[in-house]
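Undergrad: As given, the protein sequences belong to chains G and V, one line each in that order.
Numbering-wise (the numbering used here), the first sequence opens with residue 8 and increments by one.
Numbering-wise (the numbering used here), the second sequence opens with residue 7 and increments by one.
In short, the hints are calculated from the structure, not lab data.
Computed from a predicted structure; not experimentally measured.
One or more of the hints may lead you astray.
List of simulated lysine-lysine pairs, DSS-like, C-alpha gap at most 27 Å [as the list claims (entries may be wrong)]:
#, chain 1, residue 1, chain 2, residue 2
1, V, K17, G, K86
2, V, K17, G, K9
3, G, K9, V, K63
4, V, K17, G, K52
5, V, K17, V, K63
6, G, K52, G, K9
Partial pick of chain V residues on the chain G-facing surface, computed with a CB cut under 10 Å [said to hold, decoys possible]:
#, residue
7, G48
8, L52
9, I53
10, Y54
11, D62
12, Q86
13, F112
Yeah, the Cβ is synthetic: ideal placement off N, Cα and C, and Gly gets one too.
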Amino acid sequence: RKEVEQDPGPFNVPEGATVAFNCTYSNSASQSFFWYRQDCRKEPKLLMSVYSSGNEDGRFTAQLNRASQYISLLIRDSKLSDSATYLCVVNTGRRALTFGSGTRLQVQP
Amino acid sequence: GAGVSQSPSNKVTEKGKDVELRCDPISGHTALYWYRQSLGQGLEFLIYFQGNSAPDKSGLPSDRFSAERTGGSVSTLTIQRTQQEDSAVYLCASSPSGARGYGYTFGSGTRLTVV
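Next comes chain G alone, as it looks inside the complex:
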């Protein structure tokens, strides 16, 4: 089983739609969680950290469910510019972060 698992997608949604991605992790001792965004042929960039109580940044909401070991990212009012691959990132107990393979989002006009 992979340490961090994501649905690869692609998720094809119209502009203005709400879309949600889930991610599961295997190590129950994991303590840090992040969502990164990666545009085609670009480096990953930190989108937001994920806190135990859940957190919001504009149209983006991240939630953590420790009991079920999953993390979610909700994007409201999708924009064309949101089209990218979204990477779920977890500290699994090793010293370096572990990246999921990503979920591809394509927002269509």
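For chain G, the structure is supplied; the task is to place chain V on it using the hints.
TA: Chain V only, in chain G's frame:
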């Protein structure tokens, strides 16, 4: 510098040759990481440096791969006797600390093609 700088941005090399990839982290960041990403795949951890501590080399795929970090700043990743399966984008990242709560800032990567 303002961001993580990597060079070269692209490298084409012949199978069997050695290559060196360079990473200049954000000034003041004590933690430095190397990952690689093959086409359409996720990020694979290679090696991690934290201050003056011994590096975590647990992700290096073979003894053809090595890395060093001089003076706690610039790092070089060396691949000896390159193979076609080494073709990938090699990404360097840094963070203010090795502590778990910090996200990473990545450089734009070196795209390595072994022909």
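Undergrad: Hint by hint, note whether the structure agrees.
TA: Here is what the structure says about each hint:
no. : hint             : verdict
1   : V:K17 with G:K86 : 35 Å, violated
2   : V:K17 with G:K9  : 31 Å, violated
3   : G:K9 with V:K63  : 20 Å, holds
4   : V:K17 with G:K52 : 23 Å, holds
5   : V:K17 with V:K63 : 23 Å, holds
6   : G:K52 with G:K9  : 22 Å, holds
7   : G48              : 4 Å, holds
8   : L52              : 9 Å, holds
9   : I53              : 9 Å, holds
10  : Y54              : 5 Å, holds
11  : D62              : 5 Å, holds
12  : Q86              : 23 Å, violated
13  : F112             : 4 Å, holds
Against the hints set out earlier in the document, violations occur for numbers 1, 2 and 12.
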